[in-house]
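Residue numbers (my numbering), protein chains in the order written: chain A, 1 to 373; chain B, 1 to 373; chain C, 1 to 373; chain D, 1 to 373.
These are calculated hints, taken from the structure and not from any lab test. Hints may be right or wrong, so weigh each one.
It does not matter which identical chain is meant; a pair holds if it fits inside one copy or across any two.
Cut-off 20 Å, straight-line C-alpha distance, at most; resulting in silico cross-link-like pairs (SDA-like, lysine to any residue) [what the hints assert, rightly or not]:
no., residue 1, residue 2
1, 160, 58
2, 22, 56
3, 224, 239
4, 224, 371
5, 224, 26
6, 54, 202
7, 224, 365
8, 224, 357
9, 22, 230
10, 160, 126
11, 54, 346
12, 15, 323
13, 308, 298
14, 308, 318
15, 15, 165
16, 133, 359
17, 22, 72
18, 224, 207
19, 308, 354
20, 224, 320
21, 22, 366
22, 15, 356
23, 206, 28
24, 15, 310
25, 22, 232
Everything numeric in this text was worked out from a predicted model, so none of it was measured.
Number of protein chains: 4
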Amino acid sequence: MPNPNLKSHGRLPRKPRARDLKIPFEGTPGPLNTITDVAGVEVGHATIIRGAGKLVVGRGPVRTGVTAILPRGRQLGAPVFGGYFALNGNGEMTGMAWLEESGFLSSPVMITNTHSVGVVRDAVIEWQLREGKMSQPWSLPVVAETWDGYLNDINGFHVKRAHAFAALDGARSGVVAEGCVGGGTGMIGYGWKGGIGTASRRLEAKDGGYTMGVLVQLNCGLAKELTIAGVHVGQILSPSGTRSGAERGSIIIVAATDAPLLPHQLKRIARRLTIGLARTGSVSGNGSGDLFLAFSTANPPLAPVRGKSGVSRVPMLSNRRMDPLFTAAVQATEEAIINAMVAAETMSGIDGHSILALPHGNLRSIFAREARE
Amino acid sequence: MPNPNLKSHGRLPRKPRARDLKIPFEGTPGPLNTITDVAGVEVGHATIIRGAGKLVVGRGPVRTGVTAILPRGRQLGAPVFGGYFALNGNGEMTGMAWLEESGFLSSPVMITNTHSVGVVRDAVIEWQLREGKMSQPWSLPVVAETWDGYLNDINGFHVKRAHAFAALDGARSGVVAEGCVGGGTGMIGYGWKGGIGTASRRLEAKDGGYTMGVLVQLNCGLAKELTIAGVHVGQILSPSGTRSGAERGSIIIVAATDAPLLPHQLKRIARRLTIGLARTGSVSGNGSGDLFLAFSTANPPLAPVRGKSGVSRVPMLSNRRMDPLFTAAVQATEEAIINAMVAAETMSGIDGHSILALPHGNLRSIFAREARE
Amino acid sequence: MPNPNLKSHGRLPRKPRARDLKIPFEGTPGPLNTITDVAGVEVGHATIIRGAGKLVVGRGPVRTGVTAILPRGRQLGAPVFGGYFALNGNGEMTGMAWLEESGFLSSPVMITNTHSVGVVRDAVIEWQLREGKMSQPWSLPVVAETWDGYLNDINGFHVKRAHAFAALDGARSGVVAEGCVGGGTGMIGYGWKGGIGTASRRLEAKDGGYTMGVLVQLNCGLAKELTIAGVHVGQILSPSGTRSGAERGSIIIVAATDAPLLPHQLKRIARRLTIGLARTGSVSGNGSGDLFLAFSTANPPLAPVRGKSGVSRVPMLSNRRMDPLFTAAVQATEEAIINAMVAAETMSGIDGHSILALPHGNLRSIFAREARE
Amino acid sequence: MPNPNLKSHGRLPRKPRARDLKIPFEGTPGPLNTITDVAGVEVGHATIIRGAGKLVVGRGPVRTGVTAILPRGRQLGAPVFGGYFALNGNGEMTGMAWLEESGFLSSPVMITNTHSVGVVRDAVIEWQLREGKMSQPWSLPVVAETWDGYLNDINGFHVKRAHAFAALDGARSGVVAEGCVGGGTGMIGYGWKGGIGTASRRLEAKDGGYTMGVLVQLNCGLAKELTIAGVHVGQILSPSGTRSGAERGSIIIVAATDAPLLPHQLKRIARRLTIGLARTGSVSGNGSGDLFLAFSTANPPLAPVRGKSGVSRVPMLSNRRMDPLFTAAVQATEEAIINAMVAAETMSGIDGHSILALPHGNLRSIFAREARE
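Okay, chain A solo, but in the shape it has when bound:
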């Protein structure tokens, strides 16, 4: 479902996405097949690519960045409800104690490399102070990460406050750049080049017509595990010169929806993202930080705390109506992961390490053959 007529933001060359390769994903995507199909959600990236050749810590080469997801864009207003799940906690997602306690996601969601979580976190506070967007006198920002140290001078700490600001200030609705951008710049997926991917599903009107959008920062999986739309691709294709050995990756998955879900219902969504990941072949290895977040934009501005009652009326979808949302979250996660790989391009980084892009031609052949059967 290519969207040839969509205006890019001037920096997004039209590239094929996984669907363009005739991969038979299930379900019906939203108009852009992105997390921004959920009204209000904005995404921005700051990408840092600099230098080549031998690693000199502090100098580079640099292959990293920051991605920002703003649940309600820059509109003032209520925080959104959120829920969290740690499938495998070899990673970081700050801010989760407050999300779990309050039910609210009160900050943007940032994704960067493992060793830059701190700088991005404090920068979010600075940005919130500037924008006047803190809901308490303090802020507990949400920043997640995956490890890009195979391609990037991660111990050189090249992400700066300015990069976080750029990702936040550049966030917008509409088309989302995928692949080697933002936090996903130096990431690896199933032995191939990974990075940022996104997808969405639109529910049927009888199921409420809600949208479920997903964005992933893909950095996990072994080449031999890769599975796409049920085809065990890892048995057919493998990247030459692939890194062997144990899982050293991770995946951050963020799901957004406009379905009216309470915090405990969003935890249910977050747990389902596991199933989407599972469909692409990972068993969530020990080295992987597989941390998932789901939020809903459906709650209205809340009753003022200092108001008469402090009581809001919040919409809640019946638990018995959640199955289509579960299916949508699973399907969108699967497609977002493959989108990340399809969009990513071959990249070389520190010490000449190189990671190949998943070859589009081979995928087309595989799925053309499957379709004939």
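With chain A's structure known, arrange chains B, C and D on it following the hints.
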């Protein structure tokens, strides 16, 4: 705060409660200082006391029972929101997987002895089938327990379906029998006779005027730990012939409120019950099953699942307005525990084991002295 | 991998298992491809099939039972370490508060129908008392369930103490009966007849040579979701007269291993069982009670509590060596689920409801075709 | 139990501690009554006090700092086992996903102000890289916080990498500076000046002779709640000009022990810290980030991952021997909190805000009177 004019259910002799002994509890109780001060909540007990002397397993002596808490009485209608906390999980509270998942408490809350959880659980289903009260084609009842094997022939399995039915059918609003009744019949608290206790707090109008009610089945604590209203009573009084050794008890605490709290907010209440318990001296020993449940009756009947949207509007109190509820839950828990001990009477059970009642006269003296200072 | 020479227990006709249909599962099973490949683990079933025709509650027809898993058989000795995960909590697994708190699984694991959890739970205590196997003065048995009310008179409460005793007393190592037996008797999987299934994986010597065994009570999934070894079978085959509508099933998955894992490591295993389930197509619907348990038999008898120190030395596998166990748990879960369906036979129950067995011939054709490609 | 002969580190004037005021704490402390009584544990502080008068964001006044706890000092070696509990999650403690997953605490524990968590986190990685102390190719440091914005220019981001390095490099065993030092510099406790406090308990030989040490960064509680050794001091003393209104504080509690506890057992310890906090009067208000961490130094260096088996033998204390540790953790927490207040001195900060020290004379009088009774 005695309530001399209240009608008892014909089986409740007017006994002093902890406040009658001039113990200076903090906060303002509801009209009856019981969990039933929360509108709609009903409590029933089935008490089984039979035989005396040497233990013959299967024959007795029997000192046990069942207590039932019906969040909305026998009215049909919406399940209530609920939240759970396990301070120390050496115990059982069935039904918690579904409470955690759905956010709903869809059954009565039953409390009995450890080895009768099963019979009571299945009996609740039978009762729900009879009453037509199941919200799914199946039921996952909530049944909790503490261990009464020091006084009771617990391995004789004397609780039967009929006892569960009796507790359920006998449930009503109004005064709640305390001490050696229902599930609390054979229980022990801080070395003294324990059992069922209850208390409540009414918030000020400016804080919403909500009611927080608590009911405990007290079976935990060492004699030396007992603390009442800040006085380390365990250093002053100890039961003669007290059992020594490790904690073998447990405490079940159930908090009810009409404040409009969502499931994740009720988990916050459930965690605070720890603080109420702490005020009475326990450190929650390894042998203790300290399992806490909080529910709110504030949500209206939910939108019909098969209706057009399946979306309900549920009231939610701002997190920032919760502090008075936290304080109320702590205070009501503390008082409910002491109420259990004050109401309980000396009991002897199997093999001549005997547990003394906390002596009212000594307590009066202690708190009269404190008041003079 | 048929095992033609294995002695059955006189009640197990040699039936084809999933592998016999040439389904290309990954990984290397243990000798029997059962949970009992883990040394010491014993399984027993009590199956109750009685009556036919119209439902008369309390009379039947009855299609239900009890399955017992004994982690160390009937040997006295140390409890085993255990870990739990609730993927979707619309179900019951009693005993989880104590498992989470203590790290120990101190009772057999029982699986039955939803409305018989109670009777089985109390019966386990009675059995433990008889066998002298309680590790505390009280017991908190582990009993899980799925709902068989489409075929079985579940509200007739036909499971009795004697059935629990029969399952426990009949438990043994060796071949495990699958399909419509024990707790799985009346269950449904992906619209086809479900029930009990089991499988195992043996790790390579370089990975420690450990065994991972899995047993499932399969009652979940929609017909259209069914996926086997990557083939979306639900798009090819569907049971005629299949029930439509929402998920009303559940799945209990129990994993056993002899790898030396601590309780928190077993929770990691339990979470991975999700991925095995995902491979068969389920998205874990709202109506499903998907509760998973993992245990390890590797810890030796513990230091006596009353001994000098109370300190045991327990073996712990490095987290970095766990990936092969994750993969094994995923693979064994997938195969156990398909084994349940392959073993189950067409069954009719209450009111003439009938559920078809997954047709072996069609599966053979599908996988023969896949193999040719 | 003053320790007049202890050598300070040249910056610790001998000040009275809570015991010196004749407060009757229970239990037996270790030699220094500090967390460093647990062998190997080292503590360092970096304190930043600069400027006075009107707040100019970015200029000051500055009243903040960083505290570092090194579980095994700077020795290379095994990570320690750890466990976590969030009593109220209005706060941050990074690194918890990996602690929960792996069971290991693999980094120092840092405590600072809310808006400096990020800079400290990344600085820990830099320090670990320099020291060669990372156990994976990446690091997920543990950094916790409380909010000092009433006295400190918290939005001026005055904590720098160098402060984190100073706290880490300055860490040592022995006496621990308390009060307005390190991360505790600008903190407030129960309306009085708060900050860093520490205490310890030594178990009797029959209970294993273990040490339990606690360190708190106290910033929580309302003046009216303050309770010391059972005396409701908040009803007797209140700071003049005290801030009114809701809880805006938090408390971080870290418990260390040499008792051989596994990760799930350390979670049990972490939950008990609630009870120690409860004894000082807090109900853990909505605005409070009450995050607790417990670790054990008892495990030996682990088997090398690349070794033959990857299996270590780790000592585990029986659950049934844990009660004295629970009591010790509760008692040490209570005393550490009061120690923080007794050590802290009156401080003025931004905009002339001033917070009084808890007056020693009044406390002496109160407890002298209590002792006479």
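Using 20 Å as the alpha-carbon threshold, which applies to residue 22 and residue 72: within, between, both, or neither?
neither (33 Å within a copy, 51 Å between copies)
Copy assignment of residue 15 with residue 165, given that the CA separation must stay at most 20 Å:
Neither, since 27 Å and 46 Å both go past 20 Å.
Have a look at residue 160 and residue 126 and pick one of within, between, both or neither, based on CA distance no larger than 20 Å.
This pair counts as both: shortest intra-copy Cα distance 13 Å, inter-copy 15 Å.
Could you figure out if residue 206 and residue 28 sit no more than 20 Å apart (CA to CA) within one copy, between two copies, both or neither?
within (14 Å within a copy, 45 Å between copies)
Using 20 Å as the alpha carbon limit, work out where residue 22 and residue 366 are close: within a copy, between copies, both or neither.
So residue 22 and residue 366 pass the 20 Å test inside one copy only (9 Å; across, 23 Å).
Are the CA atoms of residue 15 and residue 323 at most 20 Å apart within a copy, between copies, both, or neither?
Answer is neither; intra-copy 33 Å and inter-copy 35 Å both fail.
Identical-chain pair category, residue 54 with residue 346, by Cα at 20 Å:
within (18 Å within a copy, 55 Å between copies)
Residue 224 and residue 26: within-copy, between-copy, both or neither at 20 Å Cα:
Between copies, since 12 Å is at most 20 Å while 23 Å is not.
Status of residue 356 relative to residue 15 across identical chains (alpha carbons, at most 20 Å)
within (17 Å within a copy, 47 Å between copies)
Please work out whether the CA atoms of residue 15 and residue 310 approach to 20 Å or closer within one copy, between two copies, in both situations, or in neither?
Neither, since 49 Å and 40 Å both go past 20 Å.
At most 20 Å between C-alpha atoms: does residue 224 with residue 239 qualify within a copy, between copies, both, or neither?
Result: close within a single copy only, 10 Å intra versus 34 Å inter.
Between residue 224 and residue 357, at a C-alpha cutoff of 20 Å, which is it: within one copy, between copies, both, or neither?
Classified as within; 15 Å inside a copy, 34 Å across copies.
This entry does not satisfy hints 2, 6, 12, 15, 16, 17, 19 and 24, going by the numbered hints stated previously.
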